[in-house]
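Student: Sequence:
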Amino acid sequence: MNLKAPYAGLRDNLLLTKTGEVWAYYRVRSESISTANYDAKEESKKRMRYFLESIKGYQDFHFEMYDHDLDLRNKFKEISKDFDDEAFNVAEYYSKETIDVLEQELQMITHNSFVMGVKIRELADDAVTLKEILKVHYQIRLSVLFRILVLM
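Residue numbering for the sequence shown follows the numbering used here, beginning at 517 and increasing consecutively.
These aren't lab readings, by the way, just hints derived from the structure by calculation.
Each residue gets a CB set at the ideal place from its N, CA and C atoms; glycine is no exception.
Do not rely on the hints blindly, as some may be mistaken.
Listed below are the simulated DSS-like cross-link pairs for lysine-lysine, each with C-alpha atoms no more than 27 Å apart in a straight line [as the list claims (entries may be wrong)]: (1) Lys572 with Lys635; (2) Lys572 with Lys534; (3) Lys562 with Lys635; (4) Lys561 with Lys572; (5) Lys572 with Lys562; (6) Lys635 with Lys561; (7) Lys597 with Lys612; (8) Lys593 with Lys612; (9) Lys572 with Lys557; (10) Lys591 with Lys612; (11) Lys635 with Lys520; (12) Lys534 with Lys520; (13) Lys534 with Lys635.
So the derived label-pair ranges between C-beta atoms look like this [claimed, not checked]: (14) Glu580 with Tyr609: 37 to 47 Å; (15) Leu568 with Glu613: 38 to 48 Å; (16) Asp601 with Met517: 53 to 63 Å; (17) His584 with Ala556: 19 to 29 Å; (18) Asn529 with Ala556: 23 to 33 Å.
Please model the complete structure; the sequences and the hints are all you need to start from.
Tutor: Have a look at this one:
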């Protein structure tokens, strides 16, 4: 079987499709907020409003969620190195019990990661080069970063 890449080129977070579209991809961090933390909820809403405002000018975007196995057994194995020698057996027992209960209740324990792609433009016009798009893309990234820093 001869598989071919569905894209024409990659550079940093930019993808050029075979049909001439240029997409910029970004990793979006998931966030857990306690329902009792009013200030954090309001700050998250503010960031979400800003995010939605910033993408409304684009005609096409792609948002994808990926589940990642948290691999609790290996994480607890790393933590077990810090268990007190005198209480090692007890700590190990309860860490294994914790993993067993969590896996029994929740099956596989995962963490959500998100990726967002934004179609920057189409290269239908031969006058537009990938170099020009990269230049505009980096100018956009700098202005977005500046706006985020101002909000902080």
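Student: Given the hint that Lys572 pairs with Lys534, test it: the Cα-Cα distance must not exceed 27 Å.
Tutor: 25 Å, holds
Student: Holds or violated: are the alpha carbons of Lys572 and Lys562 at most 27 Å from each other?
Tutor: Since the Cα atoms of Lys572 and Lys562 sit roughly 16 Å apart, the hinted pair holds (cutoff 27 Å).
Student: Could one say that the CB atoms of His584 and Ala556 fall in the range 19 to 29 Å?
Tutor: With a Cβ separation near 23 Å, His584 and Ala556 satisfy 19 to 29 Å, so the hint holds.
Student: Could you see if the CB distance from Glu580 to Tyr609 stays within 37 to 47 Å?
Tutor: For Tyr609 against Glu580, whose Cβ atoms are near 40 Å apart, the range 37 to 47 Å holds.
Student: Straight-line Cα separation of Lys561 and Lys572 no greater than 27 Å?
Tutor: The given pair, whose Cα atoms are some 16 Å apart, holds under the 27 Å limit.
Student: Verify the proposed pairing of Lys534 with Lys635, using a straight-line Cα cut of 27 Å.
Tutor: Holds, because 14 Å separates the two Cα atoms, which is no more than 27 Å.
Student: Compare the distance between the alpha carbons of Lys597 and Lys612 with 27 Å, and conclude whether the hinted pair is satisfied.
Tutor: 14 Å, holds
Student: Keeping to a limit of 27 Å between CA atoms, is the pair of Lys572 and Lys635 held or broken?
Tutor: 12 Å, holds
Student: Kindly confirm whether 23 to 33 Å is satisfied by the beta carbon distance between Asn529 and Ala556.
Tutor: The hinted range 23 to 33 Å holds for Asn529 and Ala556, with Cβ atoms some 28 Å apart.
Student: Does Lys612 lie within 27 Å of Lys591 when you go C-alpha to C-alpha?
Tutor: 11 Å, holds
Student: Does the alpha-carbon distance linking Lys534 and Lys520 stay inside the 27 Å limit?
Tutor: 11 Å, holds
Student: CB of Leu568 to CB of Glu613, is that within 38 to 48 Å?
Tutor: 44 Å, holds
In terms of the numbered hints stated before, the structure departs from none.
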